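Enquirer: The residues making up each chain are set out below.
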Amino acid sequence: MSIKQISVFVENRPGRLAEITGVLADNGIDIRALSVADTAEYGILRLIVDKPEKTLDIFKQSNITANVKDVLAAAVPDTPGSFAKAVRILTDSGISIEYAYAFITPKKDQAYVIFRVADNDKAGAVLSRAGFSLIEQDDIF
Amino acid sequence: MNYYNEHIETASADKMRALQSERLKTAVGRCYNNVPLYKKKLDEAGVKPADIKTIDDIIKLPFTTKQDLRDSYPFDMFAVPMGDIVRIHASSGTTGKQTVVGYTKNDIDVWSEGAARSLIAYGAAKTDVFHVSYGYGLFTGGLGLHYGSETIGAATVPVSAGNTERQVEIMRDFGSDVLCCTPSYAMFIGETLKKMNIDPKSLKLRIGIFGAEPWTENMRLEIEKALAIDAYDIYGLSEVAGPGVSFECKEKNGLHVNEDFFYPEIVDKDTLEPVPDGEYGELVFTCIGKEAMPLLRYRTRDVSALTREKCPCGRTLVKMLRPKGRTDDMLIIRGVNVFPSQIEHVILSFGMEPNYQIVVDRENNLDTMTVKIEMSEKFFSDEIKQLEAAQKKISEGLMSALSVSAKVRLVEPDSIPRSMGKAVRVVDSRRI
Chain P
1 MSIKQISVFV ENRPGRLAEI TGVLADNGID IRALSVADTA EYGILRLIVD KPEKTLDIFK
61 QSNITANVKD VLAAAVPDTP GSFAKAVRIL TDSGISIEYA YAFITPKKDQ AYVIFRVADN
121 DKAGAVLSRA GFSLIEQDDI F
Chain Y
1 MNYYNEHIET ASADKMRALQ SERLKTAVGR CYNNVPLYKK KLDEAGVKPA DIKTIDDIIK
61 LPFTTKQDLR DSYPFDMFAV PMGDIVRIHA SSGTTGKQTV VGYTKNDIDV WSEGAARSLI
121 AYGAAKTDVF HVSYGYGLFT GGLGLHYGSE TIGAATVPVS AGNTERQVEI MRDFGSDVLC
181 CTPSYAMFIG ETLKKMNIDP KSLKLRIGIF GAEPWTENMR LEIEKALAID AYDIYGLSEV
241 AGPGVSFECK EKNGLHVNED FFYPEIVDKD TLEPVPDGEY GELVFTCIGK EAMPLLRYRT
301 RDVSALTREK CPCGRTLVKM LRPKGRTDDM LIIRGVNVFP SQIEHVILSF GMEPNYQIVV
361 DRENNLDTMT VKIEMSEKFF SDEIKQLEAA QKKISEGLMS ALSVSAKVRL VEPDSIPRSM
421 GKAVRVVDSR RI
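Quick note, the sequences are listed as chains P and Y, same order.
Using our numbering, the first residue of the first sequence is number 1, and each one after it goes up by one.
Using our numbering, the first residue of the second sequence is number 1, and each one after it goes up by one.
None of these hints come from the bench; they were simulated from the model.
Don't take each hint at face value.
Stated by the list, open to error - Quick list of in silico lysine-lysine cross-link-like pairs, PhoX-like style, CA-CA up to 20 Å:
1. Y:Lys385 / P:Lys60
2. Y:Lys372 / Y:Lys407
3. Y:Lys372 / P:Lys69
4. Y:Lys60 / Y:Lys39
5. Y:Lys250 / Y:Lys269
6. Y:Lys204 / Y:Lys225
7. P:Lys69 / Y:Lys378
8. Y:Lys378 / P:Lys4
9. Y:Lys60 / Y:Lys41
Predicted model only: the values in this text are computed from it and were never measured.
Only chain Y is shown next, with the shape it has when bound in the complex (with noise of 0.2 Å):
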């Protein structure tokens, strides 16, 4: 089997634009008539529903930002009673603040039936076994690619993160074909199987589908090397619905777009205006396929750029170029989101300055994150078991306020280097 839905992978680019004009028509009265919000931004941006007629007409629409999310919490943003809610998500705030996401039976489907295309695009079938590795919860990471191995009929494992050496023997033992986590996470399983003394050639293992962190072709060489795969990208936000908004085909060489429930735009990121095709900016997506909450105009933060030159795969879906970067200043790290304003806030409730510097790096493919703050008099004590106490208990707020690990490093005033006045914040030096 090539294709999970041929008749909508490999649509003529008339029927899929009719499709989208239909959907997205459905999907603007929807946010218009139940989300105050929606009424409240098209209102001001003297558009009503009538007037989108096909799917050109949503440059009309406003944008919708994280904020709006955020000033939404929990569920301003649905657009359907909670009777008719069957699942929540949540991703990462700055400052506390979950992003809260609603899923009705058919958005569920909608999402299994995004990640079932992909799986069957990087050639998985119903007879394999899924090794799912990418944390199980508020996530949408684990249940994402849980759904779609379901919804494929595949043997699904639901493994979560942890516990390396355990997840080898369970991959050796049930055969498992497939694998998904995050790259770095498959990088450190390759560590494993060496420091374990397995040939990765002795395992069934046949594909990897890494997301939810940047990862570049390089990683791509070594992942497939150390665990004997191939290895192939997938792309997918908890805004919009979870992973399976986008995937890669055996080409490797840019993501198809779902773009039948996930209309994607880019535009520039500061005159928010559309570029043509091919050139960078940033990715925007529309959920016409959704009903709980049918986002208008996303702006993901992410950079990207969409290129409909046809694809030896046979799909006709838009590709979108793997992302190269943020529009904010927004970090991946160990694939969860983590927002410089989010450490600052937790060094503030240690009574420190807000002077402090993030450097971030990768070592033996593992994502480090260093938290360096200067140190202050009033923080200052003789003993260094007093300062080694409390750096240990930042990074413990650290790791609540993150859910991801920060090591704290007390270095002098002053010795931050600051530009402009401002300390520069943060120091990226994963070469991705």
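Just chain P, same shape as in the assembly (with noise of 0.2 Å):
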């Protein structure tokens, strides 16, 4: 009921960014979606791939800090107010969201959200309670 994220440490220099995707072309890992969050001195790239324990090792090898985690993706409808609606539910649920971000899929009609919160699965089975779909790691490929 959860999907792979890779998360990476980035250092805020000119090039860095492009060194740490360019290592992922290398090896042909397909990005499906990606977030930066960022401060003044650093970032974290976030990354939803093809081949999570792949791009994990290929991290490992080329020295850069990089960990996965589970977290929670939802298919939300394309219509206006239905982001909004997810994260009412979540929230009248009392689950915080650590962060979100979203990605389009060849589905015209809806949009994937991944959501970072601390219990994937109650915040899974509130999401599905409410008419969500949740996505799965082979959903996206």
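Put the complex together from the two separate chains, hints included.
Expert: Encoded structure:
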């Protein structure tokens, strides 16, 4: 009921993001979604990729700090107010969202949203009950 | 008044040597008979107190190091019973252990006179109001200048550090004539004056006494302009006494050493052999005027040179040139002694790898310290708030271990340059 997200520690210096994503390109890793969180000095690059375990190995070999986390992914209808509804439901259930990001899918009528929450099972159950379908690793590639 | 103690400060070389010889004999006897470490050191060197007849025999004596003081923590270096001790100071140690220094009543008088001679040399007088902004406490800066100022009979204001705007108000309202603090704090006061729209010439301030950290001739000129004063250097270290071991005169070109109390030598930092006057080497002091802790040939790790050229001020006291570095890895950050090993200790205590680099700089004339730490997988989180909380915790750990603030910066693995396989630990970008 969750998918694997790779997070990467990226220092803020020119060219660094290009180097890191270049490593993935060289190894034929397909990136489906990404988000970057940044501070003045460093950022965290979060990736949804087709081969999470291989990606982690590649980073390790390149001495790039990365880890893998299970995150919740839900399909949200591509209509005004749908995302707001999902967030409202989670909030009303006392679930706080550390961060979230969305990406468009080949299916035109819906977007996939990644939610980083403390308890994936609980949040997943809440969203399912409200009629949102949850996405598995296999659904996105 | 030109001198606090003319008789000593302008003594002939012969007279000074006779006094030093007499005092050295007393100090060596006191050490040998009361401090087991010194008995052991002298026995090992095959030297008996009776072998010390004149000050020239000092080169027969073994050296004392900061490690000796640490190993003697807290009171094993004291040569007198606790009943005779009236004051105890301490300075920062490398891994938590402090260096402890005891003073008898006479030692406090010696230290106070050393400071008093300095203040008179700068042109201060008993009619002056002294604003002492050095920290009071275990650090010797505050109380050292405080006692010196009281000894010359000046009105002493123990302001201590902090709240700069209030300090400026006190200085203005009390009509302070003399300011005592670190040179970097003096620069900061200068900026505060500007911010408060106060013309430095409107203050009574005339003299600044600055020490406890290295500073340059350029800084002197800037401070003199920013505060409309004459700025003078004062040197001291807690192991020997505190501020007042040596001092500048109006010539501002070298510090006269109170050599009747603190006998200076310069030795080659590798061979430990004495070097001729004028040559740079490691500064070594023997506390011939002290009772509680008459250290023999204490290695300060400061790099300086001695000069006995005639000084136009009339003092015959030997001059040491402004220290131009260290022979160990100690850093002085805003007047506080910091050893890289202390920082490593804190990093390890958080379960991080000791891959770090200390970057010291000076921004707006205040020292800044940034500790770069390489990120490790164990420490990494996908949440920024976790990383920021960790940074804050390490920063607080550094503050409590060092007593000086440090910014923590997380960097990528292997991003700190290695030299011969070892990370380059310290980058000091201050031009001092």
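Enquirer: Assess, step by step, whether the Cα of lysine 385 of chain Y is no farther than 20 Å from the Cα of lysine 60 of chain P, and give holds or violated.
Expert: 24 Å, violated
Enquirer: For the pair we were handed, lysine 372 of chain Y and lysine 69 of chain P, check the Cα-Cα distance against 20 Å.
Expert: 26 Å, violated
Enquirer: What's the verdict on lysine 60 of chain Y and lysine 39 of chain Y, does the C-alpha distance respect the 20 Å limit or exceed it?
Expert: 14 Å, holds
Enquirer: Check whether the Cα positions of lysine 378 of chain Y and lysine 4 of chain P lie no farther apart than 20 Å.
Expert: 18 Å, holds
Enquirer: Against the 20 Å threshold, does the CA-CA distance of lysine 69 of chain P and lysine 378 of chain Y hold or violate the hint?
Expert: At roughly 14 Å apart (the allowed maximum being 20 Å), lysine 378 of chain Y and lysine 69 of chain P satisfy the hint.
Enquirer: Against the 20 Å threshold, does the CA-CA distance of lysine 60 of chain Y and lysine 41 of chain Y hold or violate the hint?
Expert: Status holds; Cα separation ~11 Å.
Enquirer: Taking 20 Å as the top limit, are the C-alpha atoms of lysine 204 of chain Y and lysine 225 of chain Y close enough?
Expert: 14 Å, holds
Enquirer: Given the hinted pair lysine 250 of chain Y and lysine 269 of chain Y, is their alpha-carbon gap at most 20 Å?
Expert: 31 Å, violated
Enquirer: Holds or violated: are the alpha carbons of lysine 372 of chain Y and lysine 407 of chain Y at most 20 Å from each other?
Expert: Given that 20 Å is the threshold and the Cα spacing comes to 8 Å, the pair holds.
The structure fails to meet hints 1, 3, 5 from the earlier list, while all remaining hints are met.
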